[in-house]
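> Each residue of the sequence shown is one higher than the last, beginning at 79 in our numbering.
I should point out that these hints are in silico values taken from the structure, not numbers from a laboratory.
No residue lacks a Cβ here, since even glycine has one placed at the ideal position from N, Cα and C.
Don't take each hint at face value.
[As the list claims (entries may be wrong)] Derived DEER-like restraints, expressed as beta-carbon distance ranges:
1) ALA197 <-> TYR100: 16 to 24 Å
2) GLU130 <-> LYS284: 30 to 38 Å
3) ASN129 <-> GLY185: 33 to 41 Å
4) ASP259 <-> SER193: 17 to 25 Å
[What the hints assert, rightly or not] Straight-line distance between alpha carbons at most 35 Å, and here's what the computed DSBU-like set of lysine-lysine pairs gives:
5) LYS283 <-> LYS201
6) LYS166 <-> LYS176
7) LYS132 <-> LYS192
8) LYS182 <-> LYS133
9) LYS166 <-> LYS192
10) LYS98 <-> LYS284
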Amino acid sequence: MRQLLTFMTTCYLMAGCGPKIYTSTNFSNALAKHRTVAILPAEVTINLRPNEAKKISANQLEDIMNKTAYDIQDKMYGWFLRRGDKYKYTVTFQDINKTNARLKDAGIKYEDLKSKDRADLAKILGVDAVMQAKTVSDRPMSEGAAVAIAVIFGAWGSTNRVQTTINIHDGQNGELLWKYDYEASGGIGSSSTQLVDALMRNATKKFPYSVN
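Kindly produce the complete structure, drawing on both the sequences and the hints.
Laid out in structure tokens, this is it:
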């Protein structure tokens, strides 16, 4: 019985809806020209329940979302660096410190990214394509602002539902070339590391820049 419960718990923690993938008709032609890709800070939305929202100000929640956005960016970049030898990527990924520095030099703030044309961003960053994750979750992920979360909310349970999307836009015309939608629930939504690991393990199977 204990083994059965352990198995069921493990399945729950790693549960996720089947991914949905969009591919542009110009997908192959555009990707053949790509050499360098920039990873933008993630677009993060946290939809708190009404009783939870009362415990935090709008500015505090915004700060948590911003920190989580850069944390996810960092974890995604780290994933590609660690697995480059295994998957033999056809592109190089721009150092996120360079990406963020160039955005800052251009006067582009995090909150501006959502409305910026992807072709303009690619030109500013000096890359052939831009990639960004978008996440919508029920609760904060602890690594984004661990201290603030602990003080304001106390200990979170393991349950969190996260809808995540990876978008890749062509740097020449800003066209959306590839879109990967993934929904996860349970423990994998409790931190950005767990989320990115689960997301990329699944996305890598269909990732356009991966040879293997």
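> Need the list of violated hint numbers for this structure, in ascending order.
none
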